[in-house]
Amino acid sequence: MFYLLSVDEEKIKAEKSNASSLIEFILLGFSDVPNLQWILFGIFLIMYLTILMCNSTIVLITRTDPALQTPMYFFLSNFSFVEICYVTVTIPRMLVDLCTQKGNISILACATQMCFILMLGGTECLLLTAMAYDRYVAICNPLHYSLVMNHRICTQLVAACWISVIPVVIGQTYQIFSLPFCGSNRINHFICDIPPVLKLACGDTFVNEIAVYVVAMVFVMVPFMLIIFSYCKIICSILKLSSAKGRTKAFSTCSSHLIVVVLFYGTAGITYLQPKPNQSEITGKLLSLFYTILIPTLNPIIYTLRNKDIMAALRKLLSKILV
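Numbering (this note's numbering), first residue to last: 1 to 323.
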């Protein structure tokens with residue numbers, strides 16, 4: 001009996017020692033396709049530069065063009081700024097790892113990246129909800145639009161989107177990285193996201209998984225349901241319009257936002273609301289690629305190509321630069 005107890009104590013001590021000695025992780029990234037490393041580097045670099053250029057252009061024209069000084073474009077410029085920050089947290093690190101083919105990342109750097117990914121992702125969810133509310137007021141209550149969506153209210157909504165996320169995300173990140181990590185330090189992913197990091201934690205992570213689920217419900221599902229509710233009201237109001245031209249114009253102002261909502265919330269919901277055992281590592285990587293790179297690349301294209309006001313402002317900007 002004493003022998004068994006001493007063996008168990010030694011195992012516990014060994015696990016604690018391994019957990020305390022772990023000072024870095026290794027992001028495996030795309031090491032399973034070594035022949036494609038430089039091709040992926042080129043593709044991701046082009047997409048990153050495209051995201052920066054397109055979103056920066058949207059921020060510039062929505063802040064400088066007098067025709068775009070409306071709540072809708074105020075929210076869009078803030079959304080584009082968040083997109084710039086979001087991809088800057090993830091893609092440059094990925095490019096460095098593809099270039100060096102190492103992937104070493106300290107625990108502090110990993111926690112910082114996770115914190116910013118969650119914070120910016122949560123802010124995007126809330127900004128999309130604020131944008132849906134703006135469209136709801138504009139279409140369902142147009143006579144009171146200028147009163148309800150004044151500059152002060154819009155600024156407060158944007159500030160609330162940022163401030164409400166920060167304490168929750170910091171608390172969740174601290175909770176996850178307070179867990180002991182023993183054994184393997186290899187994260188089979190290209191970013192420090194919650195699902196792959198939790199897989200490396202020792203002991204029972206049930207409480208952490210429940211916390212992730214609850215936070216995802218609050219910042220993903222609740223905003224999504226509010227957006228759906230807003231669009232149900234919007235569609236009912238649009239269908240009541242007597243003019244076909246008016247219905248087409250109203251639908252066109254909402255369609256771009258709705259496409260972005262479906263893409264973003266779809267992948268975020270699958271990633272964070274799906275039970276941990278049911279999500280394969282390959283699926284997790286593909287979903288993460290979708291919402292960290294592909295959607296931010298598509299967002300400015302969706303908003304610009306489907307918006308006549310932005311296209312007109314862009315043409316004016318280009319004519320000033322070229323003349």
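Keep in mind the hints are simulated off the structure, nothing from the lab.
Certain hints may be false.
Claimed, not checked - Dumping the calculated EDC-like pairs for lysine to aspartate or glutamate here, alpha-carbon to alpha-carbon at most 20 Å:
| no. | residue 1 | residue 2 |
| --- | --- | --- |
| 1 | K320 | D309 |
| 2 | K285 | D204 |
| 3 | K249 | E209 |
| 4 | K285 | D32 |
| 5 | K245 | D309 |
| 6 | K102 | E24 |
| 7 | K320 | D65 |
| 8 | K199 | E209 |
| 9 | K316 | E24 |
| 10 | K199 | D309 |
| 11 | K308 | D65 |
| 12 | K102 | E209 |
| 13 | K199 | D32 |
Unchecked claim - Have a look at the derived ranges for each label pair, beta carbon to beta carbon:
| no. | residue 1 | residue 2 | range |
| --- | --- | --- | --- |
| 14 | C232 | R186 | 41 to 49 Å |
| 15 | G42 | E209 | 33 to 41 Å |
| 16 | I170 | Y213 | 28 to 36 Å |
| 17 | Q37 | S106 | 16 to 24 Å |
| 18 | I235 | T283 | 28 to 36 Å |
| 19 | S184 | T283 | 14 to 22 Å |
| 20 | I321 | Q37 | 31 to 39 Å |
The model shown is predicted, which means the values in this text are computed figures rather than measured ones.
By construction, the Cβ of each residue, glycine as well, lies at the ideal position given by its N, Cα and C atoms.
Structure-based check of all given hints:
This hinted pair checks out: K320 and D309 have alpha carbons roughly 17 Å apart, not beyond 20 Å. Only pairs whose Cα atoms come within 20 Å are accepted, and K285 paired with D204 is rejected, the gap being roughly 24 Å. At most 20 Å may separate the alpha-carbon atoms for a hinted pair to count; K249 and E209 exceed this at roughly 44 Å. Pair hint K285 plus D32 holds up; C-alpha atoms about 12 Å apart against a cutoff of 20 Å.
Between the alpha carbons of K245 and D309 the distance comes to roughly 17 Å, so the proposed pair stays at or under 20 Å and holds. Taking the CA atoms of K102 and E24, the gap is near 12 Å; set against the 20 Å cutoff, the hint holds. Proposed proximity of K320 and D65 is supported: the alpha carbons are some 12 Å apart, at most 20 Å. Under the criterion of a C-alpha separation no larger than 20 Å, the hint pairing K199 with E209 is consistent with the structure, at around 11 Å.
Between K316 and E24 the CA atoms are separated by roughly 50 Å; this puts the pair beyond 20 Å, and the hint is violated. A hinted pair counts as satisfied when its Cα atoms are at most 20 Å apart, and K199 with D309 does not qualify at roughly 47 Å. A hinted pair counts as satisfied when its Cα atoms are at most 20 Å apart, and K308 with D65 qualifies at roughly 14 Å. Annotation: proposed proximity of K102 to E209 is violated, straight-line Cα distance about 29 Å (limit 20 Å).
A distance of roughly 19 Å separates the Cα atoms of K199 and D32; the hinted pair therefore holds under the 20 Å criterion. Distance hint for C232 and R186: a CB-CB separation of about 46 Å, consistent with the stated range 41 to 49 Å. Under the hint 33 to 41 Å, the C-beta atoms of G42 and E209, about 37 Å apart, fit the expected range. For I170 and Y213, the hinted distance range of 28 to 36 Å is not satisfied, since their beta carbons lie about 18 Å from each other.
At about 23 Å, the CB distance of Q37 to S106 agrees with the hint of 16 to 24 Å. Roughly 33 Å separates the CB atoms of I235 and T283, a value that falls within the hinted 28 to 36 Å. Distance hint for S184 and T283: a CB-CB separation of about 20 Å, consistent with the stated range 14 to 22 Å. A beta carbon spacing of about 37 Å between I321 and Q37 agrees with the range 31 to 39 Å that was offered as a hint.
When the structure is compared with the earlier hints, violations turn up for hints 2, 3, 9, 10, 12 and 16 and for no others.
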